Structures are given as C-alpha cells and as structure tokens.
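Novice: Hey, can you work out the whole structure from these sequences and the hints?
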Amino acid sequence: MRTLTFWSSAIAFLGIATGNLVYMRYRAGIEFGGARAWLKENSPLVQYVLMEYHEFSVLFTLPLGVACTWILWQYGDSILEKQNRPVLTATCVALMAMMFYAMGGLVTGLGIAKIHAL
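Each step along the sequence shown adds one to the number in the numbering used here, with nothing skipped, and position 96 is 130.
No lab work stands behind these hints: they were computed from the structure. Here the structure is a predicted model, which is why all the values come from computation and not from measurement. Hints may contain errors.
[Unchecked claim] Restraint ranges, calculated between C-beta atoms of paired labels, are given here:
1) ALA124 x LEU55: 29 to 37 Å
2) THR37 x GLU75: 45 to 53 Å
3) LYS148 x ASN54: 15 to 23 Å
4) LYS148 x ALA124: 33 to 41 Å
5) LEU122 x TYR57: 30 to 38 Å
6) THR37 x GLN117: 19 to 27 Å
7) SER91 x SER112: 28 to 36 Å
Don't be surprised by glycine CBs; every beta carbon is placed ideally from N, CA and C.
Specialist: Structure representation (structure tokens):
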C-alpha cells in the first residue's frame, strides 16, 4: 500500500505538470482558438462551474497523496494496530478523496475537451 500511494503521488505530480501544458492552450485568447474564451462567450455558466471545479480539484491530489504516503511510511505496519485505527481511517478517507478529485478532474477535463477541442 505504501508503494502504491507513493506511485499515485508521483503520477499526480506528472499529471499536474503536463496538465499545465494543456492549460496554456486552454487560456489562449479567442483569436488563437482558446477554449476558455470560447466557453466564456458561448456558455459562461458552464465555464464558471465546470472549469473552476476542474482547475482546483485536480490540484488537491498531490498534497493528499504526499500526506498519505508520509503517514503510511511513518507508521509502517503498526498502523494496523488498534490504537492507530483513527490514523488508518483518516488515511483511507484521504486516499478516497484523492481518487475522487482525480476522477472528477479527468471527467471534467474530458468534458471540456469534448465541448471545445483543445
């Protein structure tokens, strides 16, 4: 579990880093075919709700993953002991939140790309 959480954090970092490359094209002006300008012009509510959620929710995956990785490596196998159950529960909830934000970001990103191709 510790190794999987570490690699999930590494993949989240790579996803955020490469997502910034796509984000530059998204923020381009209408004369350059930018999706943001097109969405603001044609459907501002969709841009505000969908894209603002997408922009910030995906960024939560990295700190959640790093925190869970640190907790799992710090506690080791002793996290399964009865006195550490609250820590294990919090870590599991944080991992589920990380997956929720990652999947939500993927779905909203694909939706934006389908609405106006990047």
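Novice: Of the numbered hints stated earlier in the document, which are not met by this structure?
Specialist: none
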